[in-house]
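Chemist: Sequence:
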Amino acid sequence: MTRENELLHRIRKGDTLCWEELVSIYYEDIFRYCIYHSPDMEGARDAVQDTFLKVIRYFPQYQDRGKFRGFLYKVASNTCTDLWRQKKAAELPEDMEFLETGYANSEAQVNFQHMVRKLPEELREIVYLKYAQELSFKEIAMVLDLPMRTVQSRLRRALKLLKREMEGEV
-15 MTRENELLHR
-5 IRKGDTLCWE
5 ELVSIYYEDI
15 FRYCIYHSPD
25 MEGARDAVQD
35 TFLKVIRYFP
45 QYQDRGKFRG
55 FLYKVASNTC
65 TDLWRQKKAA
75 ELPEDMEFLE
85 TGYANSEAQV
95 NFQHMVRKLP
105 EELREIVYLK
115 YAQELSFKEI
125 AMVLDLPMRT
135 VQSRLRRALK
145 LLKREMEGEV
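Under this note's numbering, the letters of the sequence shown match residues -15 to 154, in that order.
Using C-beta positions, here's what the derived DEER-type ranges look like: (1) 0 / 29: 15 to 25 Å; (2) 95 / 49: 38 to 48 Å; (3) 150 / 45: 37 to 47 Å; (4) -4 / 24: 31 to 41 Å; (5) 95 / 46: 37 to 47 Å; (6) 115 / 152: 15 to 25 Å; (7) 129 / -13: 26 to 36 Å; (8) 38 / 148: 32 to 42 Å.
For lysine to aspartate or glutamate, the following EDC-like pairs were computed, each having C-alpha atoms within a straight-line distance of at most 16 Å: (9) 58 / 13; (10) 102 / 149; (11) 58 / 129; (12) -3 / 48; (13) 144 / 106; (14) 122 / 48; (15) 51 / 129; (16) 51 / 13; (17) 51 / 118; (18) 51 / -10.
Read the hints as simulated data drawn from the structure, not as lab findings. Built from N, CA and C at the ideal position, the CB exists for glycine as well.
Whenever a hint applies, use it, and build me the whole structure from the sequences.
Modeler: Here it is, written out as structure tokens:
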């Protein structure tokens, strides 16, 4: 049994202290996800807090049909959408470092981030979830409420566009 499954099992049995550890496991990933979907840090923090509050509040209705991580990202996605719908979710800030390559602020990284920002939102989000958050195709499909084949197809399309951009064809 994984640590996550053990914590979920203990929470179901009434051990609410396990929430603290479960939140600490996922906080940074969900925070980065919310930064990606938020125009500012304060908004991202609000979205993270709301995400975890919703997960805790609605946990009794949670059906263990897949990985908890995918469920958590789905709640974060819905929370960000709700919070930023009226603000028409702004583009990523120029200094956003959402793809960590180990070469912080290198010219290549900055250029790549710029190319990713130019992708249509439906493609950009899949690239982010796949490479920055390392979600599986199944988890991405769950988060975005799309068929898995659509996720795979959009990622292929995004990678083709990025390749063309890198080769200077676009």
